[in-house]
Amino acid sequence: MICLLSTRRFLTAAQIAATVPGYEHDPDDLREHEAFQRKFERDKAELRELGVPLEIGTASIFDAEPGYRIARRDYGLPEIPLAPDEAAAVGVAARLWRHAGLAAAASSGLAKLRAGGIEVDEQATLGIEPVVAVDPAFTPLATAARERRAVVFAYRVPEDDKSSTRHLQPWGVVCWRGRWYVVGHDTDRGAARCFRLSRIVGSVRLTGAPGAFTPPADLDLMSHVASWSGPVDRSRSARVLARAGRAAGVRRWAEAVEATPDGDILTLRYAEPHGLAGWLVKYGPDVTVLEPAEVRDALVARLREMAGVAAGPASAARAAAAQTAPAATPAAVPAAVPTVAPSREREEVAA
Amino acid sequence: MTATPSGRPATTSAERLARLLNLVPYLLSRPGVPIAQAAADLGATEAQLRDDLELLWVCGLPGYGPGDLIDMAFDGDRVTITYDAGIDRPLRLTPDEATALVVALRMLAETPGIAQRDAIQRALAKIENAAGEYADAPIAVQSPGGDDRLATVRAAVESGHALRITYYSATRDETSERVVDPLRVIIAEGRSYVEAWCRRSQGVRMFRVDRIDALTELDEAACPPPQARTAAEISRVFRPAPELPSVTVRIGRGDRWITEYYPVDRVEEITPEEWLVTLRVSDLDWARRFVLGLSPGAEVVAPAELADSVRAAILETLAAYA
Chain D
1 MICLLSTRRF
11 LTAAQIAATV
21 PGYEHDPDDL
31 REHEAFQRKF
41 ERDKAELREL
51 GVPLEIGTAS
61 IFDAEPGYRI
71 ARRDYGLPEI
81 PLAPDEAAAV
91 GVAARLWRHA
101 GLAAAASSGL
111 AKLRAGGIEV
121 DEQATLGIEP
131 VVAVDPAFTP
141 LATAARERRA
151 VVFAYRVPED
161 DKSSTRHLQP
171 WGVVCWRGRW
181 YVVGHDTDRG
191 AARCFRLSRI
201 VGSVRLTGAP
211 GAFTPPADLD
221 LMSHVASWSG
231 PVDRSRSARV
241 LARAGRAAGV
251 RRWAEAVEAT
261 PDGDILTLRY
271 AEPHGLAGWL
281 VKYGPDVTVL
291 EPAEVRDALV
301 ARLREMAGVA
311 AGPASAARAA
321 AAQTAPAATP
331 AAVPAAVPTV
341 APSREREEVA
351 A
Chain P
1001 MTATPSGRPA
1011 TTSAERLARL
1021 LNLVPYLLSR
1031 PGVPIAQAAA
1041 DLGATEAQLR
1051 DDLELLWVCG
1061 LPGYGPGDLI
1071 DMAFDGDRVT
1081 ITYDAGIDRP
1091 LRLTPDEATA
1101 LVVALRMLAE
1111 TPGIAQRDAI
1121 QRALAKIENA
1131 AGEYADAPIA
1141 VQSPGGDDRL
1151 ATVRAAVESG
1161 HALRITYYSA
1171 TRDETSERVV
1181 DPLRVIIAEG
1191 RSYVEAWCRR
1201 SQGVRMFRVD
1211 RIDALTELDE
1221 AACPPPQART
1231 AAEISRVFRP
1241 APELPSVTVR
1251 IGRGDRWITE
1261 YYPVDRVEEI
1271 TPEEWLVTLR
1281 VSDLDWARRF
1291 VLGLSPGAEV
1301 VAPAELADSV
1311 RAAILETLAA
1321 YA
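Keeping their order, the protein sequence lines are chains D and P.
Counting in our numbering, the first sequence runs without a single skipped number right up to 351 at its last residue.
Counting in our numbering, the second sequence runs without a single skipped number right up to 1322 at its last residue.
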């Protein structure tokens, strides 16, 4: 390695073997030579993995055999003039990985910065500590996106009964609301899609050559994920009666509270009656809908269905019928759109 | 150079080579550095580092004459490189190393209310520049909860004062006031939390920032008792304890989302329309609200106590509309 670093010429495998301890062998002995070649190939692969830029070329036009040298201009980490506060930020950043995902890469990167003369303060904190956690699919997908290689993986949305094989040209990986997604061109669907990494089953396989596709020029990765959940328009208003001292979870969203002998009348904003009913039903008898009728009716219909199920196993047929009824949960993701990034902010439904 | 010194736990030759390549430029930039510190900085044990130094001693230019070898001077426990044989810079960052640092810095830079945002952004720009082509990592990060509440909470925690908070506990469905001594603010799994000593419950608790409905900074300094420790392993915090009651529900297709949203112990896929899901709950009252909020077809399988309370709640609520 150091032998290659300090040379400007291309050295052939034979020349390297002659100078480097550990590579000595009799080149005329076929078995010894093969052993050397295997070791040499293994070491070359190892060097490339570490990031050592090995160049292949010939020293002169008279040389038939290719030689190797290290591209010095690509070898070294450039000078990084980090101020102490910047170095502290890098130190904190490297710690965010804790023991997950790219933790090993973060610490070996940090070691290189230290080797480059940068002092990194281990104790520095920045008041807030985000915890980075990634799914196993993160590294292969980030690599594939960087190298622009197509990928194949099995994907399963909970609403589906089986996983399906998906072919994707990954444009990039996005972390949104603490969850990771991959965005890209789905070659089966012929359109842009995003997939949640935690729903990928098994391993991600990189297929084909690097540089196989070009992401759109005006690509905004985040918008592909975030555009699915726009702000909810809560333009309607409902009044519910809450028992005194109960249903704190409903009270904190109340726009107005009016105390009465029977309890407190809360005014709530909502977007859609079934959504509000599905949320209020959690609080059982602690809340009673006063108006409007659409919320009251939605809640009563729901309770009647539930009463049928709760009555016992004889109601199994009704339970099955209930499953085929239109979904009453507003946050439920349409199963037909498996690639959306849903947010299950159940508690904030009435916010 | 891949020889393994005898008698030591073998690390892979690639790991060792990576360390050796860092060692020379590291020592060059810090003449006379204590060996113990070098070991700590480069993620090695002192014994490993001494082995590395011995190996480096015999490394150098082909031909291996005197003057070609890497040379160093020892002074007790300190070491100085006097000849570097051409290894004056560490290796450039690999794609994974560049990604790890760049993504974490972007995550920090996107964190609302973080201190030193300016330094983070400058550091990010410099690391991206140094990583060259690899810095153009096709990875976008958006931190959750970019709201003012988090910034207020962080400022209050920074102030070092005890806080009086109005906090909504979803477990108990109760809003209460308590005085807490903050330890730190963390962001995990898409949510922000204050980890603090709660004087009322006499223990360290994780408070979700979006459930802190009001906050007052007190005049007294925060003084968590010595036994108040932050949870070393964050992921543990979100894993339900094994002693908690176990609940099994029968759900249909529309409720399968719970298996992604809550940490569940077991999922039995009986038929496509019938999954048995077992999860641990911190409170059976919470579990009642949870089950009532599922699709109408969902049903409690166990415990019987929960099935009874769900049934009673349904009938009592219906009666109010009779």
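It is worth saying that the hints were derived from the structure and are not from the lab.
All values derive from a computational prediction rather than experimental measurement.
Just to be clear, a hint being listed does not mean it is correct.
[Stated by the list, open to error] In the EDC-like style, the derived pairs of lysine to aspartate or glutamate whose C-alpha atoms are separated by at most 16 Å in a straight line are:
| # | chain 1 | residue 1 | chain 2 | residue 2 |
| --- | --- | --- | --- | --- |
| 1 | P | Lys1126 | D | Asp85 |
| 2 | D | Lys39 | D | Asp26 |
| 3 | D | Lys44 | D | Glu55 |
| 4 | D | Lys44 | P | Glu1015 |
Taking the hints in turn, this is what the structure says about them:
For the suggested pair Lys1126 of chain P and Asp85 of chain D, the alpha carbons sit about 13 Å apart, so the restraint of at most 16 Å is met. With a C-alpha separation of about 14 Å, the suggested pair Lys39 of chain D and Asp26 of chain D falls inside the 16 Å cut-off, and the hint holds. In summary, the hint linking Lys44 of chain D to Glu55 of chain D is supported, as the alpha carbons are separated by about 11 Å, within the 16 Å threshold. The hinted pair formed by Lys44 of chain D and Glu1015 of chain P meets the criterion: a straight-line CA distance of about 15 Å does not exceed 16 Å.
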